[in-house]
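Quick mapping for you: the protein sequence lines, in order, are chains C and B. If you use the numbering used here, the first sequence corresponds to residues 1 to 208, in order. If you use the numbering used here, the second sequence corresponds to residues 1 to 1119, in order.
Derived from the structure by calculation, the hints contain no laboratory data.
Covered stretches of chain C (in silico footprint by chain B; criterion: 3 or more residues with CB under 8 angstroms from a CB of chain B, positions within the stretch not fixed):
{"no.": "1", "region": "9-21"}
{"no.": "2", "region": "46-55"}
{"no.": "3", "region": "75-88"}
Here the structure is a predicted model, which is why all the values come from computation and not from measurement. From the three backbone atoms N, C-alpha and C, an ideal C-beta is built for every residue, glycine too.
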Amino acid sequence: MADSGGRNFSFKCVLLGEGCVGKTSLVLRYVENKFNDKHITTLQASFLTKKLNIGGKRVNLSIWDTAGQERFHALGPIYYRDSNGAILVYDITDEDSFQKVKNWVKELRKMLGNDICLCIAGNKIDLEKERHVSVADAEAYAASVGAKHFHTSAKLNKGIEEMFLDLSKGMIEKAGQDNNRNQKDSTNRKSVVVVDDDPSAQQKTGCC
Amino acid sequence: MEKYDEDVYENPFFTALQNDYSQLYDEATSLRCTLCIPQYSVAEKNRITEDDLKDHILTCEGDGSGLKTWSGKAVKIEDNCVVVVLDKKETKVRILFEEAFYNNNDESYQVFCIEYFLNKPAPESHKKEEVTQETIPRSFEEWKALLFNHHGGKRLQETLDKQLEPFSKQYKNLATEKFIVIVEVASTQFTKAMQSVLKDSSVRRRVHESKKEMDILKSAVEMYMMVSIHRGLFQAVQTNLAAEDAEVNKSMRTLSDIKLDELGIRQEFMYNIKQAKKELQTLNKYGSPLGRLLCLKRVVSHLSTPIKNTNKKDQSLMLTTDEFLPIMIYLIIKSEIPNWMANLRYMKEFHFSKAYNFDEFMFYLTTVEAAIEHIRSGSLQKEAIKSYSLKNKQASHQSSGATKSVDRFFSYVEGGDEAAVRLMLGKPNTPEESIILQMCHPLCSCSKCRTLLRQNPTEKTLVTAYTRDEHGYTALHIAALHGQAHLVDLLIQHGAVVNASDYLGYTPLHLACQKGYQNIVLLLIHFDADCTQPDSVGNTPLHMCVDSGHEDCVKALLFADKVRTCIDMNAQNNRGDTPLHLASKWGYESIIQTLLDNNARIDIKNRKKQTPCNVAQNAHIQKMFKQYDSMPLVMTGRQKSQSLKDYEVVSIPKPHKDSVEPVTASPSSPSKLFTPVVASLDQVRNHKITLLFKAIEQGDIPLVMFHMKWNNTGPESGPSSPEAVGDQELCHPLCQCPKCSSLQQGSVSSENSLNVNVADDKLFRPLHKACQAQNLDLVKLFINKGAEVNVHTKKGITPLHLAAINQNTMIVLHLLKHGAKVNVRDSYGDTPLHLSCYKGCKDSVDCLLMYQAKVNISNSIGNTPLHIAVKTSSEPVIVKLLAEGAYPLAKNKEGHTPFDYTKVPRIRDLLNTHITKKELSATSPNIEADKEIKASPTTPDSIRNIFASFEGRSRENLLTLTSSIKCVDRRESLKKTPEVNDRSNPDLRSIRHSLSIQNFDLSGLRHVELLDKSEPLYIYRLAMNMASDDSETTRAQAFAENSDAEDDVFEKTESIEKDTKNQDSELQDEHVSSKSPTIITDSKKPADSAVEENNESQSDNIITNQIVNNNGDINTNTE
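Chain C extracted, bound-state conformation (with noise of 0.2 angstroms):
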């Protein structure tokens, strides 16, 4: 999709993580507009898109939102394969929530390699004071597989703009050595956003 001198950028990205976690209040928070409720009529958060213009580079972001029930958990690899960004969600005052992050991450590395860009987000920060996911493990551990930590909460609205900026800074960036690589692909669809989503800050979906 990406044409016009590799400045069109069309990229999909997942939202993994146990239910509960705020997955999609995250992305809802991150796509609405406050003036404009266009997307408050259409009820649905499980595909939603965003168009980015980062320094004239145009990034067409597709979030495809997961369901975070432990039955469906097989079903992942339908929903992961060919994103460019995944954005792991965990609740930061659940560990829980937090191991099943390093899961997904496992098994995304094990299947897609590093063609995947991930995030791992650490969400409810607005809950600091339940937290059970420390601060310096998560951060380590996001250094050690080689993804980027958030500290979010959609309540507040804090870091999630940052986070899907880094991930689409992120996914163009390997978009360009793909580029290098394979000057005809420059379709970059392999970014998979994981989000850590804290569990409380789910309360409904949309909690704005």
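Please build the complex by placing chain B on the supplied structure of chain C, with the hints as guidance.
Only chain B this time, still in chain C's reference frame:
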């Protein structure tokens, strides 16, 4: 939905702001203002001033209440439009798309690309143009218009059609190709179509304008092309993916009754789901992949419509993936679309244009794929079951202390906890009984006894095998639903009703069929479950298992010997679908083959006037039907010649090939695929049977053992009969658990090894063959291995017949020892004794007579063994027969006695001496009676004679008479009764009176004695009431008789009926049965009605009296 797209960096308005007024730009962006940029085509036509720019920068008011332009004008945003006040009028300017921009400091700001300037009135023409471009064509016609509605469009259409024509003819050959080949061929075709469209100059001009136009054109070409070729192409895809589809359908149909809450979907979505389902069901109506994708999109938009009547908490009903996926699973299951895999691949691989909303479509497709994958994985089924038991547990937790025993009982059944179930079911009466024992008197009501009664834990006794839950399920339903085979037996032992139906009319058999538990299906059939009972929508159990694609259950239903005759292959449900319709719709090829082999009709039409062939989804299946339809004769011819081959021309292998060839050769297209289907499992099996029988004929025991897959050590190590093994070690004779199936080497379902009771087309079994080959060792072996002794061929021949006719006394003896029925008849009415007499084999005759063979039994032409023995002039046999009481004057149906068949003086002498002897001693009135019965005219005199003969005190006579009376076809004789009741007759009334007194005198019943207990298995009881003349004292006496004896007498009884038009015997019957209805197990008729029937024949009043008298006589006599 944004269609319009442009690179804002190239927009003159934006560049003017960025370059010429960079200070303003920096300031605005660092304040995160929103920029409104008029679209390129508008912007380039105008000179841009600083004021223009300032009017297009929107800032937030300090308090966040509203928006203002940089220049201070108030602005609103509504419905995806920027609303400004222009010339005192509100003007809406549409936002074409929005983009999040980041400046060099990574500070983000919004950019709206808008339709035209906010501060200048819009040109009219421009407005309209934009509107039309926004909407995408909705119908195929619109797409077509887009392509061809210009000068020269017609010619373009013609060339395109010409191009596509050969392709659509070509598709038939594609079905057998690999999937990727089909995709490539179609893709090439699409490229060609695009080329020819772009040759058109006016189209080319239009496309050059923008990328968007190109996308639309691509979509249009795809739409046009796919609609015209989809019929063939989709067929090919379907045929290609038939197997996968069938597999998916099987999992889907098994889950067809899934509920929303079982998937964890909130009920609030119910309304949306209904709408979405309606939409989804139209999926197959759209020809092109794009059409189907749009349909899918509409489904999603139905799902995400805000739900009304929810107290403004719309947010909580946002459709998230957590819910979207389960809803899709639900919709896919409920949509009843039989070709999901084909659809999925079709939408995925044949959507060439990839322009319009491609990402979104891909997401929907991915969700569909994930949903199908989840259904396919089978985890859903486990989940559903789990959630059910969970629910139950929760329910029982809620009522914690006072858990209802019913709930507990059902959850035990569900979990298959046999011990617990047994405990709860076991002896429900004991508590009550024990309490009654503690009471002063069963009826006592003193305070002590009352408290005892109150403490009686009645709740415990509430649980029986009849208890039902909130679906109307009995425990048996639940056991069937959850595959608890071992409980089925237990529950039925405790009186569970096999054919109980729940609210929806499902019997346990329905549920077991739907869930595919073959072992339970077999068990239920074994317990006489009704295989034809329809549920509330008319589905029989056969429908259920065909619907869910459980081939093993279909076979179980069809091949279970018991039901074979009564099952209706062509039963139609409320939609008019036969099982064959369902199998065809869901694409279960092997089930179709099974049904066709069992003569299911292919010409039945359902409510939509579709035959099974019409509902078929792919070419494989249609081919199967056509093949079957075009040559039913050849098919049956095959079967016939096959059986001929197997049993008559074993040595010649050629006819087999010849007979199969026409089947494969006749269809015009080569049907390689079809050959293996024709050479079905039966063929292999028949071949095996042939080999086995050949080995038996040659007496090659090791080879036989090899064919039967018995170990050589088998017979030595296990001398005890395998039946015993079966009884002891198997969970149940029909159980299919791994342990049991290994024990049952030749179980019904295992197709690899042969069962010892395997039968060929004529129902000859190994034991028959062994008897025919006169191989005692083999006979012993087979019987040891559990072969059934009393099996019939189609002509009613048992092994004993074969042994008798082959004069092999040893085998005869062995068979008799192992329970062979001695008086069994073949289709000519011959018993083994007849055959032995025919062969003149005295030893066999001795053996048979030793085992109580009937001497005077007659075959279908009325010949007794004596007739035959005389015919063959076998003197020792005649002597033996006469000694055993054969009656030399018995007449066959031609009226001949044995005398008429011989001229040998010695034999005549022999016979003569016996006649005189018998007549003199008059000890054999039995035969006389028989003869009388056959010959006598309908005079009361002769009847009197018959009854007079009873005075001979012979028990045998009594038995003969009672059984013959019992066998009278009551209905038939009733019809013949011409007279009307006359209840006024005092005699009758008195009889009735006395009879009814006797009927209800239960004390008489306690003294029942069984006279003959020698053969408990075949006993049935007849009772005679031993009343004295004045009927003051009543005693009951039961007579037992072998069922064979009944058969023997049956014919004679019929003749009685014919000859005497005998209401009297009818009466007698009523008389006997009404006197002791509780003893006679067969008689279910209330005594009163029986008596009333008596009254119908007033004219026989006297005779009735006589009978009573006679009975009285008999009673006294037998005493």
